[in-house]
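Undergrad: Build out the structure end to end from the sequences listed, making use of the hints.
Protein chains: 2
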Amino acid sequence: METKAQVLYDFTAEPGNNELSVREGETITITNQSIGGGWVEAKNSRGEVGLVPEDYIEVNQAQPFTSGGNAAPIDLSFFDSHMPAQASTAQVDVAQPETPVTPVSPGFSSTSPDETSNGNDPWAVFDNNASGGFSNNWAAQPEGTETGKNSSNAWHSGGHGHPQAYQGPGAEDDEWDEEWDDVKSSGGYAESEAGEGGAITRGGAHGSSMKIALNKFPGFSKSGPELYLLSKQPAKGNKLPVYSGDVGPVWAYPDYQLDCVVADPKKGSKMYGLKSYIEYQVTPTTTNKPVNHRYKHFDWLYERLLDKFGSAIPIPCLPDKQVTGRFEEEFIKMRMERLQGWMTRMCRHPVISSSEVFQLFLSYKDEKDWKTGKRKAEKDETVGVMIFSTIEPEGLPDMEIIEVEQKCEQFNRFTRAMDDGVKDLLTIGNEHWKRCTGPLPKEYQRIGKAFQNLSSVFTSSGYEGEATLTDALTSAGKTYEEIAQMVAEQPKKDLHFLMETNNEYKGLLGCFPDTIGVHKAAIEKVKEADKLVAAGKITPSEKVGMSKRASTMSYALQAEMNHFHSNRIYDYNRVMQQYLEQQVKFYEMIAEKLRLAHSQFTTM
Amino acid sequence: METKAQVLYDFTAEPGNNELSVREGETITITNQSIGGGWVEAKNSRGEVGLVPEDYIEVNQAQPFTSGGNAAPIDLSFFDSHMPAQASTAQVDVAQPETPVTPVSPGFSSTSPDETSNGNDPWAVFDNNASGGFSNNWAAQPEGTETGKNSSNAWHSGGHGHPQAYQGPGAEDDEWDEEWDDVKSSGGYAESEAGEGGAITRGGAHGSSMKIALNKFPGFSKSGPELYLLSKQPAKGNKLPVYSGDVGPVWAYPDYQLDCVVADPKKGSKMYGLKSYIEYQVTPTTTNKPVNHRYKHFDWLYERLLDKFGSAIPIPCLPDKQVTGRFEEEFIKMRMERLQGWMTRMCRHPVISSSEVFQLFLSYKDEKDWKTGKRKAEKDETVGVMIFSTIEPEGLPDMEIIEVEQKCEQFNRFTRAMDDGVKDLLTIGNEHWKRCTGPLPKEYQRIGKAFQNLSSVFTSSGYEGEATLTDALTSAGKTYEEIAQMVAEQPKKDLHFLMETNNEYKGLLGCFPDTIGVHKAAIEKVKEADKLVAAGKITPSEKVGMSKRASTMSYALQAEMNHFHSNRIYDYNRVMQQYLEQQVKFYEMIAEKLRLAHSQFTTM
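Chains A and B supply the protein sequences, listed in that same order. Counting in the UniProt record's numbering, the first sequence runs from 1 upward without gaps. Counting in the UniProt record's numbering, the second sequence runs from 1 upward without gaps.
It should be emphasised that the hints constitute simulated quantities derived from the structure, not laboratory data. There's no promise every hint is true.
A pair counts as met if it fits within one copy or between any two copies, since identical chains are not told apart.
As the list claims (entries may be wrong) - Calculated lysine-lysine pairs in the DSSO-like style (CA-CA distance at most 30 Å, straight line):
(1) Lys232 - Lys543
(2) Lys492 - Lys449
(3) Lys478 - Lys442
(4) Lys531 - Lys543
(5) Lys289 - Lys275
(6) Lys478 - Lys593
(7) Lys492 - Lys434
(8) Lys236 - Lys376
(9) Lys442 - Lys593
Just so we're clear, the structure is a prediction, and the values are computed from it rather than from any experiment.
TA: So this is what it looks like as structure tokens:
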């Protein structure tokens, strides 16, 4: 079968590079997917064949496509075999804790028979009151990844991202690949990179939502929310109180807000220099003692946090691994900036920042100490839905299930709407970035050149006394050339931060379908409690306990949402101010330059 | 034979209009040229057939193409039959004054046998020292017309011109067609509209260079410069003195510079209302008495001026006849503005403004008076090269032919270089216009919408106390929508005038190949004088006379160039000042709007 693809952006072939010029909207046929380096070979409707950047095209849906080079496709076939297409309920199946997805138990089913698969929308799972939301997320996840594509790498300032700056075939950085290899071998990524089946994630196409949650979320795979709802174990670990604040339920905030500085990236090596890596210096404001961490340490922390808190708190992904940048320095700078953003967000979170594992990360002393802490953290049993067992609403009345459900629906609607809004802004910002760094400055440059050219023609006239005009015209021309440069550099000064903030929020919001899914599933279970009692599956007192626990879960979610809102207001206020301030400076500077150019012409 | 055409601009078909979307650079096949209304039917490479605007395509060279509707194709076949392809010399053939092109006389030939046709470049005629430049211009003229296409209608603000605003099929304005009919029937255009042969001028595709000089230039068709160089007649008509000024030879400038105001267009009708037309009010600053003129009167004036002064003074074309605008009012406004520009330029010229025919135009009293003056002007015999017989260099020494030639070469080089520079600026300005009125404001609008959308999502959060943020965000969004509108409207405030001025200069510069051609031909004749004397064709005293007259011609040309330069310096100084002033205001206003938007966010 032929693999067709749609061209997303115009791409102009460089002569002699065996490339193929394509235009936005064109349909091409993939003739070779295993070129690598972010390229595929394709044929256009005129039969011309050549290389096209992978990121410039979108393979038509439902057609298999594997990236030749950088992509880490997710093998969905593995999950498909475990999960019916219409999976809609979850089962209490504590006996099979290692099964990634628990099969449907008829006894727990409450869904209507016409309820169909939710297709590709990560949010669609909640559209028709599907009960087993979180298991439907398996199917939904790829789309979350897919939509992340347009706005993750495509817009930022580095050598990767901007189409004009796209690196040619073979421009991969082997050194960095090595670090990925390193990461890969230590992490749990093997299966996600193996298959060709339903691969949709493409090279450089990762969003920052929970893209690998499907096989990195043991908390989910071990159990449904029933594990907590019906748990008889006493809570282990530190208590997480939820208080009644001005805006509703809130987490306990520390008096002193933790922060840290990620800085000073240094190249290290191991295995007698065969493997090299970058270490970042992380300095917490509490101790002011710097600790060094490699990306893979951050990644380990991310996995622990996801395991432990993911059911209650959205844990945004780390900045993409798979960034292929031509310029090492820019890549490191960009990654550091994003690790800083991630760490700041984690520090700001009262639950995460005070957690043992996070403190361990910030207080790394030596390899031995680290390994001990690591082992301990990996053995933590209060993970997945069990985190809710540590939550203690203080002075807050138990909520009715109907209210719990309403709150959950409200958060779902909001995060979903915000997700749309943020993605929309990212798409537009991305296009604006391209215009500001591509055609627009080129045009100003050409205007500048045209003025200067006219000036030199005028100079050749042999007519006396026009030096004032020609000097002024040259100066105006140079001004437009300067403006061209300003225009091209401006996005780094303002749009960059707006995009980064929205990208962070896209990552955060991408976690909500999973988090909210856990709550949805719990609510469904509680609503089924009467039937379960009638069927003798649970006792009446267990039913009361389930309802109380759903209430506790809701307080946790409310506290988390209030935390999210207060951060959101702070972040958007700050970034919009910064954006507008820089925009004002930009336009003022242009006006000032033009005023100067204007003054050089004779007043008549 | 299939007629292929290149697509010059992207065109997006409107649904249901039987239109065909085409992309810049695409090759299409014309399937029906007689659609009319500025449209042709064409087929693309995928076999799809539909209507495409004529102005968006360029028919591949050497293929016949006739516009179906508005075009007034020039029948070159008529001239071809009179003129050998390699026509390179002109003949003194006073006995055949009515022959449009005089055949080559071997006795006057001085060209090398390998000198080939100059093809399509109006300037190419001077590249290889062709002697009979002016007759080669016959071949060159169509290109002059052709190159005018891109920048005449394509950029200005009205309903015509901007590709986005292109009218659909059948949107012709019959009323205006009627006026053209009227003009056609009374003017000398019949032959230029008859044929299908070498038609290159297309609907709406006229530049403002001397596009119809070939059959509107009896001064050229009656004779070569020999008519003047060897003339024994005494000069008729008013003398045109050339003085020695600070910058070299100059025309005699009047103490008071004439100007006039073109205003108050009014619809009139004749033939019991069957034919309608627009009358413009022309008010000279001298008399302050308004006179009314229809476009056809302007056109008559243009023809008279071209006849009389065209050999010595570039007479720019009137604004295009063939503008098809959807909006009558905008069309009339645009034409008026351009007629004003043309009249101002004519008024500023000391020779033209003081001429009898120009004064007749400005002092129109009644139909009878006008007709008498018209007849007189049409009988004027001091036309074509004979205008030089009225020129009297005052106190200026006779110039050697070598110096005459050097001056002529210098002017040729300059006007040619400026023509390139001006066309370059027009092309860039055209693109900038399209960007500023098309994609750029759309992008700002989308940014504005995205901010507002995010604001309304935030409002739906249910979280208390974020009204300041959401209000500020809405306000920022609206600001970007306002900026979008400012961006879209700005070109009318600044780029428009820059474009108009350059368009005027393109028109003027397009006349120079003809004007300089006359001088080149005269120089060649003078350089052949020795041979002619030796062959007994002219007497030695005739040779001396020829040289003196070439010197007079050169003074006329120098005076004209100095006039051109002084006007150019004035015009460009003024238009650049205006442009930059408006640009400064534009950027300042944007900065101010953004400053206001910025101030609405909370300072933290």
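Undergrad: Evaluate each hint against the coordinates.
TA: Structure-based check of each hint:
In this assembly of identical chains, the alpha carbons of Lys232 and Lys543 lie at most 30 Å apart only when taken from the same copy (13 Å versus 125 Å across copies). In this assembly of identical chains, the alpha carbons of Lys492 and Lys449 lie at most 30 Å apart whether taken from the same copy (25 Å) or from different copies (22 Å). In this homomeric assembly, Lys478 and Lys442 come within 30 Å of each other (Cα to Cα) both inside a single copy, at 13 Å, and across copies, at 28 Å. For the homomeric pair Lys531 and Lys543, the shortest alpha-carbon distance inside one copy (10 Å) is at most 30 Å, but the shortest distance between copies (123 Å) is not.
Only within a single protomer do Lys289 and Lys275 lie at most 30 Å apart by alpha-carbon distance; the minimum there is 27 Å, versus 92 Å between protomers. Proximity of Lys478 and Lys593 under a CA criterion of 30 Å is satisfied in both settings, with 10 Å inside one chain copy and 27 Å between copies. Taking the closest pair of Cα atoms, Lys492 and Lys434 come within 30 Å of each other both inside a single copy (12 Å) and across two copies (26 Å). In the homo-oligomer, the alpha carbons of Lys236 and Lys376 lie at most 30 Å apart inside one protomer (14 Å), although the nearest pairing across protomers, at 113 Å, exceeds that limit.
For a Cα distance limit of 30 Å, the shortest separation of Lys442 from Lys593 qualifies both inside one copy, at 18 Å, and across copies, at 26 Å.
Checked against the numbered hints given earlier, this structure breaks none of them.
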